[in-house]
Amino acid sequence: MSLLQIEGLGIDFGGLRAVNDVGFSLKPGEIVSVIGPNGAGKTTLFNMISGIYAPSRGRVVLDGEDVTRLPPHLLARRGLSRTFQNLQIFQSMTVLENAVAGHHLHDRGSVFADLLALPASRRRTRASEASARALLDRVGLGRACQQEAGSLSYGALKRLEIARALALKPRVLLLDEPAAGCNAVETEEIDHLIAQVADEGVSILLVEHDMKMVMRISNHIVVLDHGEKIAEGEPAAISRNARVIEAYLGAQATEVQNADG
Amino acid sequence: MPEFLQFLLSGITVGAVYALVALGFTIIYNASGVVNFAQGEFVMLGGMITVFTYAAGLPLPLAALIAILATAAIGVALNTLAIAPARGAPVVSLIIITIGASILIRGATQLVFDKQLHRFPAFSGDTPIAIGGATILPQSLWVISGAFAIFLLLWLFFTRTLIGRAVLATANNRVAAQLVGINTNFVMTLSFAMSAAIGALAGVLVTPITLTSYNIGLAFALKGFAAAMIGGMGNPKGALVGGLLLGILEAMTAGYISSQYKDATAFIVILVVLFAMPQGLFGSKSTDRV
Amino acid sequence: MIMRPSNKVVTLVILAAIILIAPIFFPSSYYFRVGSLIFVNGLAVTGLVILLGYAGQISLGHAGFVGIGAYACALAPVHLGLHPALAAILGAFLSAVIAFLVGRPILRLKGYYLAVASLGFGILVSMVLSNEAQLTGGPDGMPVPELGLRAGLKTIGIDLSNTEFWYALSGLVLVVGAWLALNLYDSSTGRALRALHGSEVAARTVGIDVAHYKLQAFIISAVYASVSGSLLALQNKFVTPDIAGFLHSIEMVTMAVLGGAGSVFGAILGGAILTTLPQVLTVFQEYEQLMLGLIMMLVMIFMREGLLPAIARRLRGRGE
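Residue numbers (this note's numbering), protein chains in the order written: chain A, 13 to 273; chain B, 3 to 292; chain C, 8 to 327.
Looking at chain A on its own, in the form it has when it is part of the complex (with noise of 0.2 Å):
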């Protein structure tokens, strides 16, 4: 049975057909990762399936349930949550702050008990800081807590997005590059939290340019090249297919191989 199940999505920008027909599916604490070179669409795939743009076609269904077109906000609260590629941080929080923002469907309220400051609201924010501790100590931030998020590294605010959107308590989440611009051992450290995360039961979308850990964590893989669905298969299969190859001709062909050998 899978949970998230994408058919025949697609999207157009001006008469220009960015993402066509792509399907695949994912079951609950698999890792599916989307692959292509630059400008296959995946980001725009992501920004389908999170609600961010409207599909012109497909759909996208959600434990049995038609999503497409329906709002992030109503997204999150069946259960997908995502990050960003170009970093989506609140900037002028603490990290903190932007980790209890994550848990807003689990401690929001009446807004009068929020102005009056009445126990039930501040009793919300406690247990909310308390998870985001948690979840910052998970993470590796647990000592930045009172730093402003604007002050913190890349690689940092990479972590501080996964733990935001962890704070959901989602079934599926969509990750888009949270590798890009770590170290080896920041990427090992993500690699690690994204299996910990899968293997509680979260199904988990990624796209990641760093195939060395595409190739380890994925139990399956959807490769995009023109907007297109060209493959999908077992990593294994994927890095010995023919067309993948060819669409990553140039460099990162090596490296789909180097991680295959």
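Derived from the structure by calculation, the hints contain no laboratory data.
Take the hints with a grain of salt, since some may be wrong.
What the hints assert, rightly or not - Label-pair ranges, simulated between beta-carbon atoms:
#	chain 1	residue 1	chain 2	residue 2	range
1	A	SER68	B	LEU164	22 to 30 Å
2	A	ALA207	C	ARG111	41 to 49 Å
3	A	ARG71	B	PRO92	31 to 39 Å
4	B	ASN187	C	ARG321	28 to 36 Å
5	B	PRO87	C	PHE32	45 to 53 Å
6	B	ARG121	A	PHE124	17 to 25 Å
7	C	GLU153	B	PRO92	44 to 52 Å
8	B	LYS239	A	ARG71	39 to 47 Å
Unchecked claim - List of simulated lysine to aspartate or glutamate pairs, DMTMM-like, C-alpha gap at most 25 Å:
#	chain 1	residue 1	chain 2	residue 2
9	B	LYS117	C	ASP249
10	C	LYS117	B	ASP265
11	A	LYS39	A	GLU189
12	B	LYS264	C	ASP249
What the hints assert, rightly or not - According to the in silico footprint, chain C covers these stretches of chain B (three or more CB under 8 Å from chain C):
#	segment
13	110-122
14	218-230
15	259-271
From the three backbone atoms N, C-alpha and C, an ideal C-beta is built for every residue, glycine too.
Go by the hints and put chains B and C onto chain A.
Just chains B and C now, with coordinates in the frame of chain A:
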């Protein structure tokens, strides 16, 4: 029917002015991505400076020319002193800066000149010309033909001259324009100068009909913005059509509904346009990149 | 990391201390009058902090709500026979309803479009107040009935002069207003507002209903503006449509950004400065627009976060 024609004629006259203000918005918006809320003050300055230079004894054409040049200089100063230093600032900051500039210009005008209503003589007298039962002032013809002349000149400038094309290229892609050797700072300066001069010219043309005073700028800014939006922000053709449409709508509102609430037309139009067709008549649809 | 005493407590204590101690140094009815003006403006600006500082949404028409609150106190006692205090509450309620109706469409707009739409709303309100002369007295304005609370206080042995009374009442309302705004800051709603200010798209993906929260901020700030208008009208005992005018909206925004729209205390400081200046410099009257415009431009060009954060940064810089 003559009544309708009368409203139509006065609508087109004032609409031509709105079109010029909208054009001013468009030029600056295209060059810098900034919506200059001080745009209406250029119209006010054009009228006010002409009033006082004319009262000082200069012949009207010379007074008008001085007003247009002075306003253009103020436009350039606005860019150099306030807009350029704030490049990259959040939109809210830019809004506050240009609104601030608008209030500053108002305040300064009130100090340098006064708070009275003024006019100067119409260019070709005040004898109305009869058209099909309605009448039109000769000055209205000046306003309308002036507006069309400016649009024509500008179209020629943007399509036929190298500088004009450089401005268009900058509007399209600032970085790319810089890479091919276009001096984008000069383009910005030029845009502010042109935009201010066009606003001032509108002020010169319309003052004999509507009179001028230090505080008329805001209404022109609001209406010019509405006009630019109707046509689609950033599109000169849209500015022309939007200006005329708004002018006519406003005249009809004043004529058939309520003259007291004619100024509400612009606001209602803004809301309707925003919700019915956010990209305006001629604008292109854009998608936010994430 | 050193534990700081909570921002909320510090702000409230300083604010209350200033309100209580200032009368010792400035014990004249003139100063009480200036003080109560500062508090009333501070209240309206505190509302703007929630909208502009927390949520990052601009409004160039908030004086419209000030006008609604003010005219409610002028009209409801005469036409509905309401007590002026109830009229102020009615005004606040009406402002909330209007903010809901106006905010729903216009808050879908961003940046320049929101600025113009809100500006248009403010102009519309002042236009109605000027044009419906048989009801509002038109541009000449109309009288506002006495609140009557002072007489009530006298019977229980608290005898305050008129200016003392208004100083105390406005000060009290400001402290309550600041307390509410500071509560909001650290709550789920406040975080949602600040989050959507930082990144709307990220706010959406963590489940924040952006439109809903923007609307809440708009309504809350409208109520602040309305109450400030009611207080102003009741203590002046007269009201004109200027109170709802464009210039007043601009003054409010300038106060907010001058002190620092991100913090309640900063905004009140900005309000205090801009309220005091015309009193200190009589020439300011004449130069008011010039000065307002200049302040707006200078602050936005040279210290975008406002005075208070700029000062705080300088102090911190020296400490290290």
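How the hints compare with the structure:
Hint check: SER68(A) to LEU164(B), Cβ distance near 41 Å, so the stated range 22 to 30 Å is violated. Distance hint check for ALA207(A) and ARG111(C): the Cβ-Cβ separation is about 45 Å, which falls inside the suggested range of 41 to 49 Å. A C-beta distance of roughly 38 Å is found between ARG71(A) and PRO92(B), which places it inside the suggested range of 31 to 39 Å. The hinted range of 28 to 36 Å is satisfied by ASN187(B) and ARG321(C), whose Cβ atoms lie roughly 32 Å apart.
Against the hinted window of 45 to 53 Å, the Cβ-Cβ separation of PRO87(B) and PHE32(C) comes to about 40 Å, which falls outside the hint. Remark: the range hint 17 to 25 Å for ARG121(B) to PHE124(A) is contradicted by a beta-carbon distance near 56 Å. Under the hint 44 to 52 Å, the C-beta atoms of GLU153(C) and PRO92(B), about 45 Å apart, fit the expected range. A hinted range of 39 to 47 Å for the beta carbons of LYS239(B) and ARG71(A) is consistent with their spacing of about 40 Å.
Distance check on the hinted pair: LYS117(B) and ASP249(C) sit about 17 Å apart at the alpha-carbon level, within 25 Å; holds. The straight-line distance between the Cα atoms of LYS117(C) and ASP265(B) is roughly 23 Å, inside the 25 Å bound, and the hint therefore holds. Only pairs whose Cα atoms come within 25 Å are accepted, and LYS39(A) paired with GLU189(A) is accepted, the gap being roughly 21 Å. Between LYS264(B) and ASP249(C) the CA atoms are separated by roughly 20 Å; this keeps the pair inside 25 Å, and the hint holds.
Under the rule that three or more residues need a Cβ within less than 8 Å of chain C, the assignment of the segment 110-122 of chain B holds, with 3 such residues. Figure legend: the segment 218-230 of chain B, annotated as covered by chain C; annotation consistent (4 residues with Cβ-Cβ distances under 8 Å, at least 3 required). Counting residues of the segment 259-271 of chain B whose C-beta lies closer than 8 Å to any C-beta of chain C gives 6; at least three are required, and the coverage claim holds.
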